[in-house]
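Engineer: Listed below are the residues making up each chain.
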Amino acid sequence: KAGVTQTPRYLIKTRGQQVTLSCSPISGHRSVSWYQQTPGQGLQFLFEYFSETQRNKGNFPGRFSGRQFSNSRSEMNVSTLELGDSALYLCASMKGGTEGYTFGSGTRLTVV
Amino acid sequence: EDQVTQSPEALRLQEGESSSLNCSYTVSGLRGLFWYRQDPGKGPEFLFTLYSAGEEKEKERLKATLTKKESFLHITAPKPEDSATYLCAVEAGGGNKLTFGTGTQLKVEL
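In the order they appear, the protein sequences are chains V and S.
Quick note: the first sequence uses the numbering used here, first residue 175, plus one each step.
Quick note: the second sequence uses the numbering used here, first residue 811, plus one each step.
Don't read these hints as lab results, they were simulated from the structure.
Watch out, some of these pointers could steer you wrong.
Said to hold, decoys possible - Derived DMTMM-like pairs (lysine to aspartate or glutamate); straight-line CA-CA distance at most 25 Å: (1) K231/V x E827/S; (2) K231/V x E811/S; (3) K889/S x E811/S; (4) K269/V x E827/S; (5) K269/V x E825/S; (6) K269/V x E855/S; (7) K852/S x E249/V; (8) K231/V x E855/S; (9) K869/S x E825/S; (10) K873/S x E256/V; (11) K269/V x E866/S; (12) K269/V x D812/S.
Said to hold, decoys possible - Sample of chain S residues lacking proximity to chain V, with all beta carbon distances greater than 12 Å (derived): (13) E811; (14) V814; (15) Q816; (16) E825; (17) E827; (18) S828; (19) S830; (20) S838; (21) G853; (22) E855; (23) T859; (24) L872; (25) T875; (26) L920.
To be verified - From the derived model, a few chain V residues whose C-beta atoms are all more than 12 Å from chain S: (27) S196; (28) E222; (29) F243; (30) R247.
Here a beta-carbon is modelled for each residue, glycine too, at the ideal position from N, C-alpha and C.
Next up, chain V with everything else stripped away, as it sits in the complex:
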């Protein structure tokens, strides 16, 4: 079955710009969550969406936002990019119950 698809795979942006990343979950999975991975901080939770509603939010500034559409696809947006936002952004989807989370391959964002 198809996995979690994230686009684009790589992105280079300039400080001050904004960026939108996309995630298509596994068919039938209604929960989509986003994580930031950096060498210094590891994997950190950004937010989680379920049925188009944000259910949880991590400790990130308001420049980081997201949304989920009726087909469960999700986008995250980062405005006013800073150099420190350079990271691998990972999306994970989950069906619910006792199933684990399935991660996508991520979007590598570089801010210059």
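Fit chain S to the known structure of chain V by using the hints.
Structural biologist: Just chain S, lined up with the frame of chain V:
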């Protein structure tokens, strides 16, 4: 606040040399402990979920165990293809949110 600590940070083994990775956790209301494998430039790959103390799960050369304070990932007779970063994460309280440890970078040499 949920905390997950993994040790060692890095581990180098010879092919066939068994060892264990440790994940200690402090959470309120553990709902599940997850082990993932991550290869460079890729997303984490799910290995196991453990739910209660005493539970064990196996997959090929890997075996995960859980106590009330920590989890171990035992690697028996590892091969070079087992080289990767192994991540431990916990889900606690309400909501679908994982708190990750910083991982153990494993290298298995011939």
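Engineer: Honestly, which of those hints from before does the structure not fit?
Structural biologist: Structure breaks hints 1, 3, 4, 5, 10, 13, 14, 15, 21, 22, 23, 28.
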